[in-house]
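Just so you know, the protein sequences line up as chains W and D, in that order. For what it's worth, the UniProt record's numbering labels the leading residue of the first sequence as 1, then goes sequentially. For what it's worth, the UniProt record's numbering labels the leading residue of the second sequence as 1, then goes sequentially.
No wet-lab data here; the hints were simulated from the structure. Hints are supplied without guarantee of correctness; some may be wrong.
As the list claims (entries may be wrong) - Capping the alpha-carbon separation at 20 Å, the derived lysine to any residue pairs in SDA-like fashion look like this:
1. Lys112/W x Gly57/D
2. Lys249/W x Gly57/D
3. Lys249/W x Asn165/D
4. Lys70/D x Asp96/D
5. Lys249/W x Thr164/D
6. Lys46/W x Glu171/D
7. Lys46/W x Leu30/W
8. Lys229/W x Gly268/D
9. Lys229/W x Val289/D
10. Lys235/D x Arg223/D
11. Lys46/W x Ser166/D
12. Lys229/W x Phe260/D
13. Lys70/D x Asn292/D
14. Lys112/W x Leu42/D
15. Lys70/D x Phe135/W
16. Lys46/W x Asn68/W
17. Lys229/W x Gln73/D
18. Lys112/W x Asn165/D
19. Lys112/W x Glu171/D
20. Lys229/W x Ala207/W
21. Lys249/W x Arg223/D
22. Lys46/W x Leu42/D
23. Lys235/D x Val218/D
24. Lys229/W x Thr164/D
25. Lys70/D x Gln285/D
As the list claims (entries may be wrong) - Quick list of simulated restraints, FRET-style, between CB atoms:
26. Pro204/W x Thr229/D: 35 to 45 Å
27. Gly71/W x Val313/D: 31 to 41 Å
28. Gly177/D x Thr62/W: 23 to 33 Å
29. Ala52/W x Gly309/D: 40 to 50 Å
30. Ala207/W x Ala221/D: 28 to 38 Å
Here a beta-carbon is modelled for each residue, glycine too, at the ideal position from N, C-alpha and C.
The chain contents come next:
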Amino acid sequence: MIRKPFTAGRRDNRVLRQGANTVAVVLALLTVFPLYWMVLSALKPKGEITSAHPRPWTFAPTLENFRNALGVSGFGRYFLNSLAVAVVVVVVSAAIAFLAAVALSRFRFRFKTTILIMFLVAQMVPVEALTIPLFFLVRDIGSVAPGFGLSSLGSLMLVNLAFSLPFAVWMLRGFVAAVPESLEEAARIDGASRFTILWRILFPLVAPGLAATSVFSFITAWNDFVFAKTLILDTDHQTLPAALMVFFKPDENDWGGIMAASTLMTVPVLVFFVLVQRHMVSGLGGAVKD
Amino acid sequence: MPATTVTARADHGDSSPVRPAGGAPATGRRRPGPLSRIPVPLWLLLPAALVLIPLFGYPLYQLGLLSVLKFGQPQASGGVPTEFVGLSNYTDVLGDAQFWTVLGQTLAFAAFCVLATLAVGATCAVLLTRVGRWPRLMLMFGALGAWAAPAMTGSTVWMFLLDTNSGLVNEVLGTQGHNWMYDKWSAFAMVAVVVVWHSFPFVMITLYAGIQAIPDSVVEAARLDGAGTVTIFRKIMLPMLRPLLVIVVIQSIIWDFKVFTQIYVMTGGGGIAGQNLVLNVYAYQKAFVAENYSLGAAIGVLMTLILLGVTAVYVRSLRRSGEEL
Chain W
1 MIRKPFTAGR RDNRVLRQGA NTVAVVLALL TVFPLYWMVL SALKPKGEIT SAHPRPWTFA
61 PTLENFRNAL GVSGFGRYFL NSLAVAVVVV VVSAAIAFLA AVALSRFRFR FKTTILIMFL
121 VAQMVPVEAL TIPLFFLVRD IGSVAPGFGL SSLGSLMLVN LAFSLPFAVW MLRGFVAAVP
181 ESLEEAARID GASRFTILWR ILFPLVAPGL AATSVFSFIT AWNDFVFAKT LILDTDHQTL
241 PAALMVFFKP DENDWGGIMA ASTLMTVPVL VFFVLVQRHM VSGLGGAVKD
Chain D
1 MPATTVTARA DHGDSSPVRP AGGAPATGRR RPGPLSRIPV PLWLLLPAAL VLIPLFGYPL
61 YQLGLLSVLK FGQPQASGGV PTEFVGLSNY TDVLGDAQFW TVLGQTLAFA AFCVLATLAV
121 GATCAVLLTR VGRWPRLMLM FGALGAWAAP AMTGSTVWMF LLDTNSGLVN EVLGTQGHNW
181 MYDKWSAFAM VAVVVVWHSF PFVMITLYAG IQAIPDSVVE AARLDGAGTV TIFRKIMLPM
241 LRPLLVIVVI QSIIWDFKVF TQIYVMTGGG GIAGQNLVLN VYAYQKAFVA ENYSLGAAIG
301 VLMTLILLGV TAVYVRSLRR SGEEL
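Just need the whole structure built from these sequences, with the hints factored in.
Quick look at the structure:
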């Protein structure tokens with residue numbers, strides 16, 4: 001293993017190291033514990049869930065809560081709605097952000113700084129406040145194009161696309177800048193067209209950055225609660241975060257169902273994270289030198 | 001210079017993507033169409049503009065417009081014409097004592113979350129560099145899990161952990177029947193725990209990656225010169241991590257100032273009698289629950305202005321650290 005800045009040195013103390021290891025393990029356990037509790041509770045039978053003395057294990061794991069969540073509450077449908085929105089947002093946002101990032105890191109032109117600042121400002125805007133005008137905008141669009149009106153997944157896709165783009169462009173710009181220009185120059189001398197350079201040279205080299213950026217777009221779209229809550233009025237087109245609220249009852253919460261639904265909602269993000277985790281860490285490190 | 005190279009260059013004309021200056025002037029063999037007169041960067045920015053102008057810029061403009069109108073349910077349904085009322089929505093908001101309470105709460109809550117997130121994240125990042133392979137992987141894995149967990153599920157799990165009757169926290173502490181969300185401060189504290197749990201991994205992983213990116217040779221050289229750990233940290237690590245720290249701090253401010261889901265879900269829309277409102281939720285409640293859209297818009301505009309102040313500080317500090325924008 002390579003010696004890291006903090007570990008290198010003569011005074012590296014065995015006891016200190018053991019202590020640090022212990023602290024790290026304890027912190028790791030504390031951090032994952034809520035997720036463990038979520039999965040465990042989703043697997044617990046009804047009686048154990050409502051017990052006033054919950055145990056950190058179960059002897060009778062059951063899939064009943066999952067069955068209820070998916071069957072009775074139509075959670076499968078909400079899951080697919082969420083997935084459709086998130087996938088479309090990730091793919092389209094990656095494509096658009098890539099082009100914009102190239103423009104903003106490879107060219108010099110007038111108003112470039114202004115445009116960059118606008119992308120930054122867009123991140124500051126509390127998008128929840130924009131629900132007010134967007135509600136009316138989407139309502140009006142709906143009378144022309146119902147596929148993008150209220151209670152349509154199209155409206156959620158567009159809105160989430162708009163809100164994941166500024167950060168994606170901002171982040172991706174650093175990745176594009178990190179690719180040496182000499183590679184493009186060489187390709188150009190070999191007669192490659194502009195499109196070829198963009199698509200065959202730059203795109204693969206920025207792919208890790210796109211993976212890292214996609215994580216943020218995915219999370220934005222997948223987590224969106226306020227737009228799903230305001231723009232989707234019928235239950236058929238609801239996405240997971242807003243649909244989860246259905247399990248909360250004024251008298252007695254169905255915790256088993258809530259935990260099963262929460263587990264189902266967390267799994268895709270976890271899978272996505274594990275897939276791109278390597279790129280994410282190296283990508284963030286790459287942004288340091290930007 | 002070989003002739004072939006020159007032709008190849010000329011073929012890709014004026015606004016060449018790689019090196020705008022220095023290239024041969026636009027004397028390509030192809031006849032330039034009318035579209036080719038538009039510079040390439042604008043073509044590349046066009047898709048982003050097509051999404052952002054109608055779905056971000058226009059609503060932002062509408063938000064400002066709404067805030068100077070009288071716009072409630074009758075106007076929204078189209079029965080009553082809208083009416084220009086100038087700044088009266090703003091005077092209403094600023095004259096309302098509740099607004100100032102909510103503003104204070106928002107600032108205090110965001111500040112606490114930012115500081116706690118940074119403290120936990122930075123400590124863990126340093127810790128990661130000092131531990132063995134397995135503890136490091138465990139902490140990374142745990143942090144990725146907390147980071148990946150959607151705000152909604154994070155909220156529901158913690159609500160269950162804190163549940164009055166069947167929550168684990170009460171069982172462990174022996175405080176059965178205690179409602180953590182009843183008291184204003186304990187409710188805020190519990191939401192803050194969830195926010196920090198969600199956001200410290202970003203700080204930890206970013207800073208850890210930053211520390212890893214510092215070349216070992218620099219640190220070794222300093223050590224050979226007799227620098228101690230503290231000196232190395234202060235004189236070498238901190239300056240090199242500065243750009244990253246700025247990013248991490250500002251991102252935390254942006255995120256924590258705009259927390260919506262956790263507050264809304266965990267406190268049931270802003271707590272008992274609105275005791276746990278933050279500006280974001282406050283604006284939402286005014287607009288969609290009280291159906292006073294223009295008042296909600298005014299709050300939204302004020303909040304945007306406050307966050308823009310933060311942007312200005314960010315841009316200035318970037319400029320000062322010599323970063324090219």
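Here's how the hints hold up against the structure:
For the given pair, lysine 112/W sits about 17 Å from glycine 57/D by alpha-carbon distance, which is consistent with the 20 Å threshold. At most 20 Å may separate the alpha-carbon atoms for a hinted pair to count; lysine 249/W and glycine 57/D exceed this at roughly 38 Å. A C-alpha spacing of about 15 Å is found between lysine 249/W and asparagine 165/D, which places the hinted pair at or below 20 Å, so the restraint holds. Between the alpha carbons of lysine 70/D and aspartate 96/D the distance comes to roughly 17 Å, so the proposed pair stays at or under 20 Å and holds.
The suggested pairing of lysine 249/W with threonine 164/D holds, with an alpha-carbon distance near 15 Å, which does not exceed 20 Å. For the hint linking lysine 46/W to glutamate 171/D, the alpha-carbon distance of about 18 Å falls within 20 Å, and the restraint holds. Only pairs whose Cα atoms come within 20 Å are accepted, and lysine 46/W paired with leucine 30/W is rejected, the gap being roughly 26 Å. Distance restraint check for lysine 229/W and glycine 268/D: the Cα-Cα separation of roughly 14 Å lies within the 20 Å cut-off, and the hinted pair is therefore satisfied.
Restraint check: the Cα-Cα separation between lysine 229/W and valine 289/D comes to about 12 Å, which is no more than 20 Å; the hinted pair holds. Proposed proximity of lysine 235/D and arginine 223/D is supported: the alpha carbons are some 12 Å apart, at most 20 Å. Among the hinted pairs, lysine 46/W with serine 166/D is consistent with the structure: their alpha-carbon atoms are about 12 Å apart, no more than 20 Å. This hinted pair checks out: lysine 229/W and phenylalanine 260/D have alpha carbons roughly 12 Å apart, not beyond 20 Å.
Restraint check: the Cα-Cα separation between lysine 70/D and asparagine 292/D comes to about 8 Å, which is no more than 20 Å; the hinted pair holds. Restraint check: the Cα-Cα separation between lysine 112/W and leucine 42/D comes to about 10 Å, which is no more than 20 Å; the hinted pair holds. This hinted pair checks out: lysine 70/D and phenylalanine 135/W have alpha carbons roughly 17 Å apart, not beyond 20 Å. Taken as a hint, the lysine 46/W and asparagine 68/W pair is honoured in the structure, with Cα atoms around 12 Å apart against an allowance of 20 Å.
With a CA separation close to 18 Å, the supplied pair lysine 229/W and glutamine 73/D stays within the 20 Å bound. Of the supplied pair hints, the one linking lysine 112/W and asparagine 165/D is violated, its CA atoms being roughly 57 Å apart against a limit of 20 Å. About 58 Å separates the Cα atoms of lysine 112/W and glutamate 171/D, which puts this hinted pair outside 20 Å; it is violated. Under the criterion of a C-alpha separation no larger than 20 Å, the hint pairing lysine 229/W with alanine 207/W is inconsistent with the structure, at around 34 Å.
Of the supplied pair hints, the one linking lysine 249/W and arginine 223/D is violated, its CA atoms being roughly 62 Å apart against a limit of 20 Å. For the proposed pair lysine 46/W and leucine 42/D, the alpha carbon gap of about 59 Å is over 20 Å, so the pair is violated. This hinted pair checks out: lysine 235/D and valine 218/D have alpha carbons roughly 11 Å apart, not beyond 20 Å. At roughly 27 Å between alpha-carbon atoms, lysine 229/W and threonine 164/D are farther apart than 20 Å, so this suggested pair is violated.
For the given pair, lysine 70/D sits about 17 Å from glutamine 285/D by alpha-carbon distance, which is consistent with the 20 Å threshold. Taking 35 to 45 Å as the suggested C-beta distance range, the pair proline 204/W and threonine 229/D conforms, at roughly 41 Å. Evaluation of the 31 to 41 Å hint for glycine 71/W and valine 313/D yields a failure: the beta carbon distance comes to about 52 Å. Our hint of 23 to 33 Å for glycine 177/D and threonine 62/W holds, since their Cβ atoms are close to 28 Å apart.
In this structure the hint that alanine 52/W and glycine 309/D lie 40 to 50 Å apart at CB holds, the actual value being about 49 Å. For alanine 207/W and alanine 221/D, the Cβ-Cβ distance of about 35 Å falls inside the hinted range of 28 to 38 Å, so the restraint holds.
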